[in-house]
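Trainee: Residues per chain, in single letters:
Protein chains: 2
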Amino acid sequence: MNICKYSYEEYLDRVKSFHGNLAPGLVIGGFMVDLAMKNLPKGEFFDAICETPVCLPDAVQLLTPCTIGNGWLSIVPFGRFAITFYEKYTGEGVRVYLDTKKLNNWPEVRDWYLKKKKKSEQDADLLFGQIREAGHGLLSVQKVQVDPEKVRRKKTGPVGFCPVCGEAYPLRDGDSCRNCQGETPYSSVTAVD
Amino acid sequence: MNICKYSYEEYLDRVKSFHGNLAPGLVIGGFMVDLAMKNLPKGEFFDAICETPVCLPDAVQLLTPCTIGNGWLSIVPFGRFAITFYEKYTGEGVRVYLDTKKLNNWPEVRDWYLKKKKKSEQDADLLFGQIREAGHGLLSVQKVQVDPEKVRRKKTGPVGFCPVCGEAYPLRDGDSCRNCQGETPYSSVTAVD
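So the protein lines, in turn, are chains A and B. Going by the working numbering, the first sequence opens with residue 580, and the numbers climb by one from there. Going by the working numbering, the second sequence opens with residue 580, and the numbers climb by one from there.
Rather than coming from a laboratory, the hints here were simulated on the basis of the structure. Check the hints yourself; a few may be wrong.
Since the list gives no way to pick out one identical chain from another, each pair is judged satisfied if it fits inside one copy or across any two copies.
Unchecked claim - Listed next, the in silico DSSO-like pairs over lysine-lysine satisfying Cα-Cα at most 27 Å (straight line):
#	residue 1	residue 2
1	K695	K722
2	K696	K621
3	K734	K595
4	K667	K584
5	K681	K667
6	K694	K617
7	K695	K584
8	K681	K695
9	K722	K697
10	K722	K698
11	K681	K734
12	K729	K681
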């Protein structure tokens, strides 16, 4: 049983190295990407959508050329455990999701996924054993038609200097940058020489 | 000249492998992470903020344990070319940004960054040469106090089944999942057996 071009064990090693720990969701995410790749429609360039920021973006980034920084991976905040790959021009795509109808076959996965047990009550060996045993068995596949404009990163467009902070920013944001318009997460900023 | 634990050339190889191409912004991003790491305040656990989704998240993901999927990397959509690392409990942090006051020393970088030239008019060798020569020289450092609540990923909280699609979703989103409330990017969905 492989996950894309890696053996299961190699994939787990890559997960630990990139993600910092062996998250159950990221192991399932590996099977999701693998299943999606086996069901891609025709096309040359595929962009990705994760329907949650939790775990799944790292499966996509580990296993495909799509990353957050290159703009080929988008995240929509639906909190659904699903990954879509779509042909970037036509929008034709495949969506793989964790199928709640199949969860009862793997009770430890079900209880983890539906948060029926606290982390301290989970049996990690049993959970990872069931995830591996299930493989694609927890998943279902849909054909989807994506509207790429709804998910794709907008181009930055013309840039100018913010009159408040002096940094370059996208002029489409207004007369000053969004940080200086009040969205800043910083309560204090001090220059360091 | 190193970029964190990599030689400059090793870092470029990792960029090409992960990001798919040698983006100027991601090379500068490597120097930004390197400079930030040399100026971290005291603390054990640092979370990251990128102030743009363009390129910089990949520098953070390549060079630190912070990823989108593990939640230690957040993106705020300010379109400023800046990366912050902050101690996850105290919010004490260091912010590194591309300092527009320093751009005139590196005119090819300036013209690329401020979009003064079309891509076809850029001299890639000169651009990458100036980026490498500049290193930290394009950047400035600030001490910042971060309000972690403003950037950190919210916990999913209790989950239930969406009455429309049947998939699990965060109950905080309402009576159905956000996809089925109308935010969907899919114009058609068809099950595949």
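Trainee: Indicate, hint by hint, whether the structure satisfies it.
Mentor: Now for the hints, and whether the structure bears them out:
| no. | hint | result |
| --- | --- | --- |
| 1 | K695 x K722 | neither (31 Å within a copy, 42 Å between copies) |
| 2 | K696 x K621 | neither (42 Å within a copy, 36 Å between copies) |
| 3 | K734 x K595 | between (33 Å within a copy, 22 Å between copies) |
| 4 | K667 x K584 | within (23 Å within a copy, 35 Å between copies) |
| 5 | K681 x K667 | neither (31 Å within a copy, 38 Å between copies) |
| 6 | K694 x K617 | neither (30 Å within a copy, 40 Å between copies) |
| 7 | K695 x K584 | neither (34 Å within a copy, 42 Å between copies) |
| 8 | K681 x K695 | within (16 Å within a copy, 55 Å between copies) |
| 9 | K722 x K697 | neither (35 Å within a copy, 38 Å between copies) |
| 10 | K722 x K698 | neither (35 Å within a copy, 36 Å between copies) |
| 11 | K681 x K734 | between (40 Å within a copy, 25 Å between copies) |
| 12 | K729 x K681 | neither (30 Å within a copy, 37 Å between copies) |
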